[in-house]
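Q: Those protein sequences? They're chains A and B, same order as listed. If you're matching positions, the first sequence starts at 1 in the numbering used here and goes up one per residue. If you're matching positions, the second sequence starts at 1 in the numbering used here and goes up one per residue.
Keep in mind that the hints were calculated from the coordinates and are not lab data. Quick caveat, the model's predicted, so the values are computed rather than measured. Among these hints, one or two may not hold up.
List time: in silico DSS-like cross-link candidates among lysine-lysine, alpha-carbon distance up to 25 angstroms [claimed, not checked]:
| id | chain 1 | residue 1 | chain 2 | residue 2 |
| --- | --- | --- | --- | --- |
| 1 | A | K185 | B | K117 |
| 2 | A | K163 | B | K46 |
| 3 | A | K185 | B | K168 |
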Amino acid sequence: MNRIEQKFKLLKEKNQKALVTFISAGDPDLKTTEELIYSLDQNGVDIVELGMPFSDPMADGPVIQRSSQRALQSGTNLNKIFTTVAHVRKKTQIPILLMGYYNPILQYGEEKFFKKCASVGVDGALIVDLPPQEGKRVKEIAQVNGCSLIFLLAPTSDPERIKLVCKNASGFIYYVSLTGITGAKLQSDLQKQSALKLLKKTTQLPVCIGFGIKTAEQAKKTSQLGDGVVIGSALIEMIEKHQGKKAPQEISTWIKKIAKAVH
Amino acid sequence: MKKSTKKNQWQSYNLPNHLGYFGEYGGQFVAETLMPALNELEAAYKKIRSDSHFKKEFKRLLKDYVGRPSPLYEAARLSQKLGHRIFLKREDLNHTGAHKVNNTLGQILLALKMGKKRIIAETGAGQHGVATATMCARFGLSCEVYMGAEDVQRQAPNVFRMKLLGAKVIAVHSGTATLKDAMNEALRDWISNVSNTYYCIGTVAGPHPYPMMVRDFQKIIGEETKQQILKSMNRLPDYVMACVGGGSNAMGMFYPFIKDTQVKLMGVEAAGYGIRSGKHAAAIVGGRLGVLHGQKSYLLQDAEGQIIPTHSISAGLDYPGVGPELSYLADQGRVQIVSATDKEALEGFEMLSHLEGIIPALESSHSLGYLKKYAKKLKKNSVIVLNLSGRGDKDLNTVAKLQKISL
Ligand SMILES: Cc1ncc(COP(=O)(O)O)c(C=O)c1O
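Construct all of the structure, not just a fragment, from the sequences and the given hints.
A: What follows is the structure in structure tokens.
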């Protein structure tokens, strides 16, 4: 059982929902990322998603686009992200998963990527543009290395896709709350979405809901519909506003409030 | 592989496979939100592909609205100068001035069948944008075209044309503000509005079924060419050439000739300031396998898999990727991929204008520039067909600026 699986087991025993947060590794630099991870960990976050920056993030809105751009400008690449995680692991066992697009991983080498994940203490990966039918090989490699491969589902997902994703997923399933890109506005029809209902009937895995969640109230309400929530753009906007370096302190009260609402 | 098996391979060529692969190239690398839409599109396309009503309507409009068949013109003075018999496939004479319209007509008819009322497209040179705007006007559909902010500048006449046709042009400032960023933005729009929106891709790239579908809508170019050359020469050509951006005019021309292995197929990519300068847009000549915009194919990227800024004098070729089928055909040796620099393209542009009274698009000028430079290396008196994918009116500003003339 890797750290993600352990975490969900623990939360289930405590009858708690999970708070998952997304930040771009290297925005504005990796030193700050490290500090941010400690701050998130100490203030109640359950799982950290670290974005691997890509020049062409086609499923992301302006906030995460800018954040990826800042990360690339600071010279962030996969090797440096792995070094940072290795360093972080000396202080915390918070589950960490890497999220990004397929091409940088393909160029790094899929085997090498997951071996490295295992050796530095990354627990899983979410590759936005690698749907399960394209990810068969990657899934096997991840599995061999004890990493979860997280897949997405969306309100547009039909029963066939839901079945396929559930069959291939591990760790948890990321349900995208809306038909859109990151940073869009949360929709009020969430509990009526038939894809979400069917998903919960189909899978044993935890379901985390993300996209559009910006406030503690939204986080609380949304988390009740699944097993956890993911917060990304709202947090990154805050990091952007606080010019990065001061961000770890500035976000702590806000994150604490959200964690309290979710737990 | 032995020659005979190679030949057989081409006799029975019928890629892509059911997953959208041409060998190891192609596929569907998209966010999960889009997967149902791609499945819906593929199903709808398969249905209309064998529907006789659809085929009839497509044929009729290609004839009456687009103006097909486009002539295959023997360029006598060009032939004399270069020492071959050179035929130009006149896609520049199509309505809207390029080959792009063949594909947009097909896709817009499909969108109508699917009941989609809102059309989005990306465009580089503006030719695909104009063709899409034209078809949307013709069929009363709403049309929004994403275009890199830099291309909005260099292709100003086409921007105005799209607006006159009632389309909304959205300038994209993200990334390098060129075609790839326009495609990112169009994909983001599609992800956000997938239920009522049809995404009309302008080349043989993107996730399956686009590369197959766009090729099928463009193959009329090669089919007509084959008939026309047989009629005038009573034999097939020695060489068939086309410029390569995403690869739609090339695939449209090449596809019907794949089985005819005696015909050499040549694609010309944009070498910009030269391949060694690193500032070019030649994905097959200068790139390596990667994944972008939903497909696996040759791609211009740095060591870490980040997409690198491209350069070409022609906005329509200024793209870091290329369609998966061309990547496959190049690897298999069925298509030879070469390149021409900005400078060579400009020479081709001038040559055709002076010798034949035809001002070619800067995209098509790349194959003319290549031919000018390498004509002596080809077997003497070869029969050569060159796909003149578009006319150069849209490029007058660009060329004038280089000559320090303001229009
Ligand atoms: C006239 C013309 N030729 C060629 C191209 C390149 O596209 P493709 O390689 O898909 O034919 C374009 C693209 O805008 C174009 O306008």
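Q: If a hint holds in the structure, say so; if it doesn't, say that too.
A: To see whether the hints hold, each was checked on the structure:
no. : hint             : verdict
1   : A:K185 to B:K117 : 24 angstroms, holds
2   : A:K163 to B:K46  : 24 angstroms, holds
3   : A:K185 to B:K168 : 24 angstroms, holds
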